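> Residues per chain are reported as follows:
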Amino acid sequence: MATKSLSRRTILRGTIAGSIASVALPPLEAMLDSHGEAYACGTVPKRFGVFFWGNGYGWIGRGRPDTWTPSGTTMWTPSEQLAPLAPHVGNVSVITGLEPKTAIPSTPGGQGDGHMRGVANALSADRPRPEGFYHPDHIFALSRPTLDQVIARHPMFSAMCPTRYRSIEVSVSNNRFHDYGTWTCISYNGQESQNLPIRSVDQLFAQLFGVPVMGSRENSDRALVLDAVAADARALRARLGASDRARLEAHLEHIGEIQRNLRASAPMCMAPARPMRAGGFDGSPGDEPIADKVEAMARLLAVAMQCDLTRVFSIMFTGPGSQTVFRAVGAPSGLHQLCHENRWDIAKSATIYTMQALARVLNVFATTMDVGGRSLLDNMVMLATSEFSAGDQHEVNEFPVLLCGKGGGALRGGVHYRQPAGNLARAHLTILRALGLPYTEYGFNGAETNQPIAEVLA
Amino acid sequence: MRTVRLLAALAPVVLACNGVIRDPSTRTPPTRTDARTLTDATADTPGPVAPFEPGSLTFPRLTNSQYRNALTELFGLGLTIETTEADTNPFLFTNIGASLATVSQRGVEGWERTSRAVTQTIFADPTRRMALVGCTPDATDTCARTFLQRFLRRAWRRPAEAEELDRYVALARSTTAPDDVWSGLRYATAGALQSPNFVYRVELGVENGGRRKYTAHEMASRLAFALWDSIPDEELLAAADNNSLSTEEGVRAQAERMLRSPRARAGVRAFFVQYLGLSALDHLSRDAAQFPQMTVTLAESMRKEVELLVEDVVFTQDVDFRQLFSQRQSFINPELAQLYNVPYPAGGAGFVRVDLPESSQRGGLLTTAGILAITSHQNSTSPTARGRYVSERLRCEPVPDPPGNVQFDLGQPDGGMRLTLRERLERHRANPACSACHLITDPLGLGFENFDAIGALRTMEEGMAIDASGEINGEMFVGARALSARLATDARVARCVVKQLYRFAQGRLDAPGETAMLAQLTTRFEENGFRFKRLLVELFASEGFRFAAPPSS
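For the protein sequence lines, the chains are A and B, in the order given.
Per this note's numbering, the very first residue in the first sequence carries number 22; after that it's consecutive.
Per this note's numbering, the very first residue in the second sequence carries number 394; after that it's consecutive.
It should be emphasised that the hints constitute simulated quantities derived from the structure, not laboratory data.
Here the structure is a predicted model, which means the values were calculated and not measured.
Any given hint could turn out to be false.
[Unchecked claim] Here chain A is said to cover these stretches of chain B; the calculated rule only asks that three of the stretch's residues, wherever they fall, bring their Cβ under 8 Å from a Cβ of chain A: (1) 490-496; (2) 579-592; (3) 670-678; (4) 770-782.
C-beta: ideal position from N, C-alpha, C; glycine also.
Please take these sequences and the hints and turn them into a complete structure.
Here it is as structure tokens:
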């Protein structure tokens with residue numbers, strides 16, 4: 022292909038047309054050197070993603086059979102709840118038996134609340150904020166960045182060749198338990214700093230592909246505008262108290278990031294067709310086509326990653342404490358309520374439905390070709406998890422952990438690793454290692470570990 | 394499957410509520426620390442009240458509705474304005490979320506994108522462009538300076554300082570394309586809309602006897618956002634320019650004027666929608682088999698009825714706020730008429746004000762389908778949730794969350810006996826682990842039992858006549874109207890709405906030092922016949938709204 026011989030600069034200059042840029046090839050191909058090997062920014066990038074669902078799975082115990090844990094250790098045999106993942110066994114390692122080891126202080130009250138604590142454990146390897154639930158800021162529950170942001174912000178992950186978007190967050194079900202805190206958002210930059218998810222397919226499309234690539238004059242003028250805005254912010258900074266100053270500092274950082282993007286070359290991306298579905302992707306509150314919606318969103322994310330618009334994403338399929346109505350499996354009402362009504366059958370069916378949706382996401386990533394003849398899934402680590410194991414009792418032992426993708430060769434895939442009462446933070450450390458980040462220890466406030474799960478690493 | 398549920402139903406109840414065990418013989422309200430709640434009871438703390446000390450400064454971003462309203466105010470209708478970052482509503486109010494949250498990268502990008510989209514629309518239209526700018530830019534800065542001076546004052550709710558004006562004039566100059574004399578002003582306007590001076594509310598006050606006193610312009614902004622959910626109009630800015638908003642009398646005068654504007658209805662609606670939790674109706678789902686009449690439009694109608702009812706009491710009638718609980722007149726459209734089983738007036742269109750029959754069990758806020766629905770489960774009523782709503786929302790008395798391992802399943806017992814929900818809840822309350830909280834909620838909520846989960850009247854459950862009796866303050870009542878009558882005269886209800894309005898207007902929780910202020914406002918509310926508009930004026934004129942504590946460094 023002729024484009025291969027163009028220098029990166031030339032290609033980028035060619036996109037300055039004032040319209041949506043489109044090229045015939047996945048653009049990473051165009052950024053390979055003449056040997057077709059090296060990526061312009063170094064090696065082929067690895068990607069990280071989160072797939073989160075709420076309320077755990079159809080629980081084990083209290084007279085219920087274990088229909089979650091797979092059998093075997095290599096090329097595991099799916100359990101009933103994991104059956105939809107059968108075509109992807111080789112791409113998924115299942116980790117069972119783990120549990121959070123973070124401390125739960127008895128005072129102040131609220132530390133034990135399952136949903137917030139579960140999210141904090143599952144995604145930040147820490148306990149929730151220690152102030153207790155009454156504290157106003159505690160609504161933002163998390164003490165530190167979630168794993169997706171730890172990775173996205175790690176200098177070795179992206180600083181050499183930053184992407185247009187540091188990360189993209191989406192949510193699928195529109196059902197939210199509350200409209201604040203971890204109930205609406207599972208991606209945190211730190212305390213009180215959230216990355217609220219994009220909630221609609223159209224909005225995701227617009228965010229990734231709807232913005233025309235402007236001419237250089239336009240972009241440099243936009244950057245000049247932001248200079249003035251940043252000067253306003255700096256003038257204001259000294260007048261604020263400490264916490265508000267920190268909020269404005271974050272805003273200034275975001276401005277700098279936009280300017281960097283404007284002054285850098287625009288990434289090229291062939292916009293895919295806008296996803297369409299008869300009746301739309303959002304349905305009604307009691308009947309949401311969430312499996313179709315998550316697949317459509319995954320398709321857009323796949324193109325964005327193929328184009329290197331971003332390398333990190335999180336998908337909140339259903340929220341913590343989700344009241345999503347799984348009409349497709351006959352659920353009469355929201356899952357959270359049904360779990361607390363002891364409806365194990367529905368919790369199990371809803372989990373199977375969720376695993377079907379996850380399988381559709383995996384299909385998309387497995388069939389999206391990345392550079393070097395491998396699939397996107399081959400170059401990805403995606404953590405699929407929830408805030409609990411058992412939603413009926415807010416249990417966190419036997420935590421659900423699925424490591425999807427091959428991590429660019431760093432993950433073996435197909436492994437079932439079991440460590441009863443093992444430390445959940447081990448999964449996080451394993452992911453960091455699979456992505457090539459130099460962590461020797463991870464986990465906080467009782468969850469510290471220096472032991473990645475070697476069994477799942479290649 | 395039914396058998397499985399039945400067997401499971403009774404046993405788990407015993408171990409259900411073991412997270413919060415209290416002595417069931419007392420009804421001590423939960424203490425502040427063990428109540429994970431969105432309302433609290435500080436105002437009800439007995440004992441001596443400390444002298445008033447103002448609360449902290451806030452630095453909120455504009456909420457989405459404020460952002461939209463502000464752009465509409467500046468440029469007129471017909472703009473496409475995206476929601477760049479969802480609002481969050483901790484402690485019920487988006488104003489509080491706006492004060493706490495850090496804006497994300499995507500939020501800042503959204504502001505950048507929207508500011509360009511809006512200014513492109515305006516500047517592409519010669520008529521709108523001239524209406525906005527008022528002069529044609531040329532090689533000098535004269536037009537740019539005149540326009541920007543005027544525009545920044547409106548957009549930033551204060552006159553720009555010389556340095557700021559210079560910055561934006563210079564920006565216009567440097568971004569003017571050779572072939573488009575308007576482009577520089579377009580960019581400068583877009584910049585003004587991205588500035589923290591626009592997207593945040595910069596209300597930091599000036600030193601005044603160890604406290605911060607909001608400047609006249611900051612007061613204009615505070616009044617406009619609290620009452621109109623938007624930016625100040627010209628008259629309010631003029632009142633700031635001549636410094637009349639630095640006095641209590643000046644604030645009072647402007648608040649009175651603003652209340653006469655139709656925009657005040659939008660602001661008061663914003664408060665009640667959030668206070669009463671009406672946005673739950675935007676994503677209400679009901680078991681389709683049980684409630685086939687439930688539709689998205691019916692949920693919208695439910696919300697609209699409550700909004701109209703509030704507007705009727707607060708503005709149209711301007712009567713005792715507590716009439717909200719007792720008024721038999723409400724607003725229905727054909728869909729609600731059907732749900733309520735009352736005739737829709739011939740010749741009516743859309744929502745019409747009707748008298749509900751004297752014999753009806755319906756009357757007042759708590760019997761609207763909207764409130765009854767948001768306090769129900771998807772497939773059943775919830776006397777517990779309804780009682781909790783009365784206790785927490787209306788009386789500001791928190792009820793702790795159930796423990797994580799709570800069992801909601803109050804399924805029918807084994808052996809074929811059918812029990813009403815009331816009877817099943819009684820069994821639940823017999824468990825000492827559960828009773829402490831359920832003794833707060835259930836006796837209140839059981840009074841609503843003859844309204845189903847979408848607010849339709851019902852008389853039978855499980856083949857038995859419904860008993861809608863309950864207990865409030867140790868006294869029996871029957872039915873929601875009787876409960877509403879008690880609540881109307883319950884001092885806690887008026888005190889609670891004052892507290893919540895204060896939080897809404899301040900964009901933060903009330904601080905302990907403000908207890909005296911809340912008590913004073915409640916007294917004035919009562920003295921003014923509980924008229925809500927009077928409460929708004931008193932609140933805005935109060936020291937609580939005009940002063941703040943200095944920021945912590």
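> It remains to establish, for every hint, whether it holds in the given structure.
The hints, checked one at a time:
{"no.": "1", "hint": "490-496", "result": "holds (count 5)"}
{"no.": "2", "hint": "579-592", "result": "holds (count 8)"}
{"no.": "3", "hint": "670-678", "result": "holds (count 4)"}
{"no.": "4", "hint": "770-782", "result": "holds (count 3)"}
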